[in-house]
Every structure is written in C-alpha cells, then in structure tokens.
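Top to bottom, those sequences are chains A and B.
This note's numbering puts the first sequence at residues 1 to 402.
This note's numbering puts the second sequence at residues 1001 to 1313.
Don't read these hints as lab results, they were simulated from the structure.
Predicted model only: the values in this text are computed from it and were never measured.
The beta carbon of each residue, even a glycine, is placed where N, CA and C say it ideally should be.
Be aware that a few hints might be false.
[Claimed, not checked] Lysine-lysine pairs mimicking DSS-like chemistry, simulated, CA-CA at most 30 Å apart:
| hint | chain 1 | residue 1 | chain 2 | residue 2 |
| --- | --- | --- | --- | --- |
| 1 | B | K1291 | A | K30 |
| 2 | B | K1291 | A | K17 |
| 3 | A | K159 | A | K171 |
[Stated by the list, open to error] Stretch by stretch, here's where chain A covers chain B in the computed footprint (C-beta under 8 Å, at least three residues):
| hint | stretch |
| --- | --- |
| 4 | 1272 to 1279 |
| 5 | 1294 to 1306 |
[Unchecked claim] With beta-carbon atoms standing in for the labels, derived distance ranges:
| hint | chain 1 | residue 1 | chain 2 | residue 2 | range |
| --- | --- | --- | --- | --- | --- |
| 6 | A | A140 | B | Y1107 | 54 to 64 Å |
| 7 | A | Q338 | B | W1290 | 52 to 62 Å |
| 8 | B | W1043 | A | A184 | 47 to 57 Å |
| 9 | B | T1110 | A | P14 | 34 to 44 Å |
| 10 | B | T1217 | A | A48 | 35 to 45 Å |
| 11 | B | F1044 | A | R146 | 29 to 39 Å |
| 12 | A | G66 | B | T1217 | 39 to 49 Å |
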Amino acid sequence: MPKKLVIPIGPQHPALKEPASFDVTLQGEKVENILVKLGYNHRGIEKACESKPYLHDLYLIERVCGICSHSHATCFLQAVEEIAGLNVPMRAKYIRSIIGEMERIHSHLLWLGVAAHEIGFDTLLMYTWRDREVIMDLLAILTGNRVNYAVNILGGVRKDISDEEKGQILKAMDILEERTKYYAHVATEEITIKKRLSKVGYLSPDDAVKMGAVGPTGRASKITRDIRAEEKYAAYGEVDFKVISDDNCDVYGRALVRVGELMQSYSIIRQLIKKLPDTPLKVPAPLKIPAGEAVSRYEAPRGEDVHYVRANGTDKPERVKLRAPTLANVQSVATMLQKGYLADVTIVIAAIDPCFSCTDRMIVAVNGKSEMTWKQLRQHSIDWYKKNRGVDFTKIKLGIRS
Amino acid sequence: MILSLLQILIFPGFLFLFILALSAEYIDRKLYARMQTRVGPPWFQPFADFIKLLSKELIIPELADRFIFKILPLVACAAAATAFLFIPVYNPQSLFTFKGNIVAVVYILTIPTLTYFLGGWYSRSLYSLIGSMRVLTQLFSYEVPLLMAVLAPGVLASSWTFSAVINFYGANGFLFLVNIIAFAVAIIAVQGKLEKVPFDIPEAETEIVAGTFTEYTGPLYAYFKLAMNIQAISVAALLAAVFMPFGYNLGFFLGIIIFLLKILFIIAVLTVVRTIFARIRMDQMVRFCWKYLTPMALLQILINIIIKAAVTQ
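Working from the sequences, and respecting the hints, build out all of it.
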C-alpha cells in the first residue's frame, strides 16, 4: 500500500491565475480526495458598495471581475433600474447586449487558450490569444477600454455605435467566425486534445443539478438553461439564438459548448447590429433611488450572475449582494475529480472557467430558523416571475430538462 | 596526449558541444515561436540566460542532501557530453571508438535522466517527488522502443559499432531508407527522453510546477538546463549517425556542414512535434509506448532480419 500524498495546488501555483487552494490527496497518480478552499482574495466589495453612492458603485462593481466586468455592471444596473422604475431605451439595451456578447467572445477565447495551456498545448494558446486581440481592439474602439468598458450608466449607455463602427464590428465577426470554425476543427480532430479532454472531469446531469452548476459547465451536462433565453433581459428577446448544450458531460463537452456559444455570439451580434433601433441613448436617472429591493440575473460568460440590491431612498444602497457564477460551479469540482488523475486536476479546475477573485465573499453564518422554507421560496420566485417578467416557470420540474 | 585533450575540451568536445547545444536551444525556441506566430528570442538569448542563471543566488532546500543536490547537475552535464564523444561527427570514426559503442552511447544517455530522478528525489519537495516518479515511469516506457529502434539499423549491418554501420550503409546507397519506421519511433521516443511535449509529463508546469527541477535555482539549474540541451545534441547526433549514415567521408569542412544540417533537421523535426501536440497523461504515455511504439520497433527489427536473410542467401 503506497503512502498517501497531499499535494497543495494553490494558493500560489502556475496553473492558477488567482489565489485559491485545492488540497489533492493522491494515491500514486490517482486522486483520492480533493478539498476546495476559497477566501484568499476577499476584497470587501459588497460593504464598499454600501458606503458609496450608486454612481461610484458602478465603478466598483465593474471591477469585481477583470473578464466579465460588463456582466457585473449590467446585472447591478438592471437591479437598480428596476427599483428606480427607469425605462431604459431600446438602443441602450441593444448596445449593452452587443458589448455583453463581445465580452462573452473574449472570455471564451481566453478560456480556450487557458485550457490549451493547462494541457500543455501552448500553440493553441498563442493562436487563440492572438485572435482574441481582434475582439479586444474592437472593444477598445467601441468603448475606449480593452477590459473595463464602463459603457453602462444608470438609465442607459454612455456611448453610441456609429455606422462606421458597425462595419468594423461585422468585419471582425467574419474574421473571428472563420477562426472559430478552425478551432472547432482542431478540437474535434486533434488526437492529443481529445485524449486529454474526453472522459475527464465527468459530471452527470443529476450531479450538475445537485451541485448547482451553471453556465457552460451545466450546459455541458445536458442542462439546457440560459438566462438569456429564460429571462430575455436587455435585447435578447429580439434575437434568435440557440442554447448550446452537450451530452458529453466532461471537459471535452465544456470545450464544445464554449466553441458553440462563440458561433452563437457572432450571429447574435450580427442580428443586433442589423436591428439597432433609433432611440435616445439614456433616460435621466435620479441620484436618490427610492426604497425597494430587486434581484437581477444575467448570463455572464461563466454562467448565471445574480445581484441583489436593496435601496432605502438615499443615494447609497442599503445592501448589495452579488453571487458570481464561479461560486455556483466550484462545488462541482470535487465531484468531477473523483477517480481522476493528478494530471487532470488543473484542466478540470480550469474547465469551470473559475474566477476566484470575483467569488470571494465573507459570509457570517447565523444559526437559527430561516424565515422561508425552500418550498415557499420557490413558490415566491415562480409568482414573482409570473407577475413581473411574464415568464411561467410552473411547468419546470426540479430536475433535468433534455 | 595533448591532441586528445584538445579534442576533448575544444573540438569536437566540450566547447564545440556547448556552443552547439545553446545554438540548438535558440533554433528550437525561435522555430517554436515562429510556428506560434510569435517573434521569438534573439540569437544570444540562451547564452544570456545561461550567464544570468550562473549569477543568481543559489538556494538549497533545508531538507535536501547538500552534496548530492549540488553534484547531480554536473554529473548530468558530464554524462550528456561524454555520450557525444563516442558519436562520429565528420568521419565514421568517433573520437573514442570500441566495438558496440552504439549500445554504450544509448546507456550513457540514460544517466542524465537518472540524475533528473535523483535530483527530484533528493530535493524533498512534493512536486519534485512526483516529478521524479514520473521521470522513472517515463524512462521505463520510452527506453525500450528507443533502444530497439536505434539498434535496428545495426541488425542489417551486422554490427553495433558506429563506424561499421556507417560504412555498411555508405556502401549500399539508399538502403538506409529501410529504417524509416525505426527513425519515426526514435523521434517520438526521444521526445520523452528530452521531456518535451507531448511527453513533458515530468515537468508539466501546470500540474507539478517544474517537476524535478522545482527546487533547483541559479547555477545548478543552469547546469541542468545545459545538460538537457547537450543531451538534445547528443541524441540528435546519435540519430543522425544511425539513421542518416551518409556524408561521413567527404573531408573535414563538408563533413561538418553535413553534420550540422542533419542536426538542424532533427532539432526542427523535434520542435514541430512539440508544437503540434498537447501533453498527454502518464498512463496514456505508458500505454502508447508499449502498445504502439514497441511493436513498431519490433517490426523494424523483423524487417531488417528478413532483408538480411534474403541478401545473404
């Protein structure tokens, strides 16, 4: 019986770009157990939001994540705008969606590169990151920034898309679509990629539901749920797109889902550009937001992003709570790695596209009775959606939709 | 005496080998970068890296065995360089020659790999430990097909001595093309010996930091890197002598140029292989080596035996 080794992956490790810790118990090269530890990068961002006016919060929220900055900002704004009763003009919603999809493209291309690097395929990393420059440059042209676009303001957006820029966007989409087709070809044909990715990090649909996996991680396990399709926020109600899912349930499936979503994003952007309505860019917004509370959901590149805002009539929110998609996904890593190999640990962690700095929150657990039972909470959310969004969730059973 | 000392130290010995090894690293890195649409390093980068590493602070882990920890990189360098002295460069005779020196070279080339294992083992770090276990596991997988592939041409030439193999194929025109299967097997197996993608499992950066070399810093790491580069040249020279046995009787200058071209070709092929693949897993590597590489090498030996029987009858 060989001795068991506990290998620390993180908090500082070449495979992890952000601090998180995974204690991997090994038996030979096989993983016996894995312990996930978060909380190395708690920044107190929620508390900071509560001590600053809404206008400043927008800057803070945009910096929750370096990759999905627009997602968090839009998600937060949707909640605030709902409380304030602002009717965001259609053109602003379109522009938000366009920037949001571009963000998805650059995030997924980044992921492809990172995943390739984790399995030692640096050539693919260099290729995808070179192509990612196309979309980064485009974002810089459209918003002035490569990462924190700051295109959102309360009640609309701050910058328009001109006709000349429309042409540039369409041209970039053509280039990227061609490149993505090539990557899809590489991912499906290259033998070492397939060997390293398929049947690695298996997450059965049942486990995905149990662990609460969201976004591409969930969709690769047959859970065809996408907030863009369900809630139709921003301008997603006006475009046609498919929710990509896969039945491989492994890392390979997650890669295919992301490549498929890239193709969908190109088509969504093309449709949005074509239909861009002619309305004002913003409506005037008050500095003081009336009392009220709202929950907003947004399909970030990594999955469902949830923001909760409670206003008390002043210019500062009373409570801001955000849940980044990584928090929903990170629990499933331990399940995925059962009976895996040490060599698979980092690619499986990378496959959920983790963003630990966005995830880290401090929670004070208070022992006591909860005010609502799970059933009541569920019923409440169903009623709320019926009333406010006109979406009927009663037919959805808790479980897997195929 | 003085002449052989000069030969050992300058040409075709250590100095020549040192320059050749670092140039090969440059070519490898530049080609790798160009194939990845990057610019790549300037020509003096490997030399600069070497000098910079020599000037860095040397940190030895507290738990490590100081003597062995320090001596291993030098042993690796010496072994890799010694192997080169037995391989012919511009004439069929190598610097020191004896019967069956192909076998000797293959075994001397195993010593650096063993020092990587010991280096990791004596570092007493978790990552090094796993890295060194992987070095050994990998050694047992690629060494058998590599040895069989390298010896296959000798089966046809009825000798495992470089000069005899080279002279035999030199007299028989394009007969060396028969060994193409063994050449392919050797190129793939060598990728494991040099710990490059797809077999860079022992130092997989994203899994176990730097594998066996995790605890090595400064000058000691520089020597290990140098050993790796010299090993690459020695292996390339070995493959050149065994699988491309032509151009050895053309005098000094032409001989050297042809030798360098052959080395360049083999280094380029190795670089292309490492560019187009992802790293595979240890179990997949072992399976691949025993399931595909070894039977292929066996097939080559079988072909050579059949040809030999047909020719002698």
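Right, here's what the structure says about each hint:
1. B:K1291 to A:K30: Satisfied, since the Cα-Cα distance of roughly 22 Å is no more than 30 Å.
2. B:K1291 to A:K17: Distance of about 37 Å is beyond 30 Å: violated.
3. A:K159 to A:K171: holds, 20 Å
4. 1272 to 1279: holds (count 5)
5. 1294 to 1306: violated (count 0)
6. A:A140 to B:Y1107: 54 to 64 Å: Taking Cβ atoms as reference, A140 (chain A) and Y1107 (chain B) lie about 58 Å apart, which means the hint holds.
7. A:Q338 to B:W1290: 52 to 62 Å: This hint is violated: roughly 27 Å between Cβ atoms.
8. B:W1043 to A:A184: 47 to 57 Å: Violated, since W1043 (chain B) and A184 (chain A) (Cβ atoms, about 38 Å apart) do not stay within the stated range.
9. B:T1110 to A:P14: 34 to 44 Å: For T1110 (chain B) and P14 (chain A) the Cβ distance comes to about 29 Å; the hint is violated.
10. B:T1217 to A:A48: 35 to 45 Å: For T1217 (chain B) and A48 (chain A) the Cβ distance comes to about 40 Å; the hint holds.
11. B:F1044 to A:R146: 29 to 39 Å: Since the Cβ atoms of F1044 (chain B) and R146 (chain A) sit about 33 Å apart, the hinted range of 29 to 39 Å holds.
12. A:G66 to B:T1217: 39 to 49 Å: At 31 Å between Cβs, range violated.
Violated hints for the displayed structure, listed by number in ascending order: 2, 5, 7, 8, 9 and 12.
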